[in-house]
Amino acid sequence: MLRSFRKSLPTALTIAFAYVAFSVTALRARAQTSVPGVPPAVETREIVDETGRTLRVPVSIERIVSLAPSLTETIYALGLQDRLVGDTDYCDYPPDALKKAKVGGAVNPNFEKIAALHPDIVLVTKSINRLDTVRALDTLGIPSYATDPHNVDEIISSTEKLATVLGAPDTGKSLGEDMVRRLAVLQTKLKDVQPSRVLFIVWMEPLISIGKDTFIADALHKAGAISIVDSAKDWPQTNLEEVVRLQPEYLVFAASHSESAARDFDVLASRPGWRILEAVHNRRFAVISEAVNRPAPRIVSAIEELARQLHPEAFSDAPPAPARDTAPSSAPTSPPQKPSVAKNVALTFSADEEYACAR
Amino acid sequence: MRPLTFSRMLLRCGVLLLVLFVVVVIALKLGAVQVSLYGLGRDLIRVLLGQTRAISTDYGMIVVDIRLPRILLGIVVGASLSVAGASFQALLRNPLADPYVLGVSSGAAVGAILALIVESHLALSPDLAGLITPLGAFIGAAATIAAVYFLGRRDGQIDSGTLLLGGIITASFLSAVIMFLMSTLAGGNLRGASYWLMGDLSTPQPKSLLYLLGIGFVIAAGAIYTTASDLNLLLAGEKEAMHLGVDVPRVRIVVYLAASVLTGLAVSVSGAIGYVGLLVPHVMRLIFGSDHRMLIPASALGGAIALVIADTLARTVVAPSELPVGAMTAMAGAPLFIYLLRRRLA
Chain A
9 MLRSFRKSLP TALTIAFAYV AFSVTALRAR AQTSVPGVPP AVETREIVDE TGRTLRVPVS
69 IERIVSLAPS LTETIYALGL QDRLVGDTDY CDYPPDALKK AKVGGAVNPN FEKIAALHPD
129 IVLVTKSINR LDTVRALDTL GIPSYATDPH NVDEIISSTE KLATVLGAPD TGKSLGEDMV
189 RRLAVLQTKL KDVQPSRVLF IVWMEPLISI GKDTFIADAL HKAGAISIVD SAKDWPQTNL
249 EEVVRLQPEY LVFAASHSES AARDFDVLAS RPGWRILEAV HNRRFAVISE AVNRPAPRIV
309 SAIEELARQL HPEAFSDAPP APARDTAPSS APTSPPQKPS VAKNVALTFS ADEEYACAR
Chain B
281 MRPLTFSRML LRCGVLLLVL FVVVVIALKL GAVQVSLYGL GRDLIRVLLG QTRAISTDYG
341 MIVVDIRLPR ILLGIVVGAS LSVAGASFQA LLRNPLADPY VLGVSSGAAV GAILALIVES
401 HLALSPDLAG LITPLGAFIG AAATIAAVYF LGRRDGQIDS GTLLLGGIIT ASFLSAVIMF
461 LMSTLAGGNL RGASYWLMGD LSTPQPKSLL YLLGIGFVIA AGAIYTTASD LNLLLAGEKE
521 AMHLGVDVPR VRIVVYLAAS VLTGLAVSVS GAIGYVGLLV PHVMRLIFGS DHRMLIPASA
581 LGGAIALVIA DTLARTVVAP SELPVGAMTA MAGAPLFIYL LRRRLA
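Line by line, the protein sequences are chains A and B. According to the numbering used here, the residues represented by the first sequence are 9 to 367, in order. According to the numbering used here, the residues represented by the second sequence are 281 to 626, in order.
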């Protein structure tokens, strides 16, 4: 008898332990029903986000947490930065966003930090944030609003919608109109030019480009360029053989500094086989601001900047034709370039004064 | 080594339980948001007394709704993985065996990734959508368990060698499937899948899952425990065990199924957290000896302790960001294991 008792004791202990765990969980369940997280005094309204989820938020949103760099940029562009109480480790633009309380990465935010900030709304974007994150916020009773733009027009409409949700519809409207106007001006300039065939390089090893359904492909299109990679996947992997077959006129790099793009180009050019490419042989590459990677208002400047590099002839009548032989005045002076390089390589960098005019 | 007596076993389990309790209290206190020990104690007592109204909203939200469920999840997952690891090491008589050696985690990963893909095409209610990844993972794990079971049979019985080889081949085949599926994913789904593969306790899970996990653990671990004496005899070799009156085929089936279910449940909610299931049983064996009547409960408690510590480190070292908990289990576990191993050899 003693032996069987001995045998069953650890099982009994396990069961006892599980019971304690269960009762704590059950009590927690009661705690959730008896203590509402938000005092009932706050008036709420119902909104629908871009993925079709319905959520309930306070009528006046005073505390925002952003879980994507693009959303942080949009909030600044809308002049709502005072209500932004937290953002991610990767929110680096404008530089002031670095000073906000950090809630961790966009993919693995810290829920304790988010809860402690008592946000009225958490902003997420479908292409970056995980579904698990949204669900976890649901479990905690924190409303999350998801954006999901797939092209440049949707970036504009998404910005306007977000502005309305956050209680700044007029700013959103004027920001959106400004973006539309600038793109329209660009389209008239580019209406006679033949679109350049480009290879947009997301990653060099393995060689990854963009698919046709991405907003980056649409941004290239608006800048008078066509991506040679025609894939339904968002981040297709391609290879040199395919690139040689398609012979792009330009290689396009997204970079924070023009020098780093030049270095990337040199790395590619030094690889065996790459010199077969006309674009490499003639050192034809363009640099686009990293803003193109973020579905935020700043993408319009990135588009304009790329268009100027690919189609300088269309901008010849523009008064301050950006000097392509010297460093642009607004950007930090870049080291002197070899003249032979500068002939074909456009190096302009101007997207960073964007937010002065946005307010 | 002195014989295992009932009181010694009780004492050892008691010590481990005490360690677990201390670890849980420390884990509750540490985190991205500061919580005072006094406030924590006061609130814990209130939770236990059912006076949840008195808890301030900050503590209520952060400690009770975020930290405590995560720690409970860590306890159950850690215990499940360690018990499964100890069982597989005994069943396959291979010290390198871990819960994932027979492909359960790969099968679960395939199921989880397929669920991620399918889900975006279905308009599911949020409640259901939260369950689809764990559900897909568990279906994948169960399918793998069944497939490996049939691969591992020889003359109508499970054969350890065939089971091991069949499991390893299945695992590598499924890994190839995972690679392929990963290359078709995009954006948020890709990130979700890669986090899943690294093992992740950071996402608060629905309460119903915690219950299910707890019940599953008690049943499966209980089933394994009933074979503890037989597993001791199996250490001497399968033939020897059979001569000593052990119903070897039955033990094999019970242990294989129960350990696989434990692994499948754990993997479904937390992804493939590595090393806990390999290291903890070895550490427990070095400390307490290889009597499975002691080893199985010790592994359960030790696994819970190890995973709660690892997860606490994972969420505090670079707070407010997080490290993958699998990396922490290996970093904290491997040196401890080497220390114990060398000390025993010395």
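What the hints contain is simulated information worked out from the structure, not anything from laboratory work. Small disclaimer: the values here were computed from a predicted structure and weren't measured. Heads up, some of the hints might be wrong.
Said to hold, decoys possible - Residues on chain A that point at chain B, a partial pick, calculated with CB under 8 Å: (1) 113; (2) 116; (3) 124; (4) 175; (5) 177.
Unchecked claim - With beta-carbon atoms standing in for the labels, derived distance ranges: (6) B:474 x A:255: 28 to 38 Å; (7) B:398 x A:289: 26 to 36 Å; (8) B:478 x A:165: 34 to 44 Å.
Beta carbons are placed, not taken as given, at the ideal position from N, Cα and C, and that holds for glycine.
Of the numbered hints stated earlier in the document, which are not met by this structure?
4, 5 and 7
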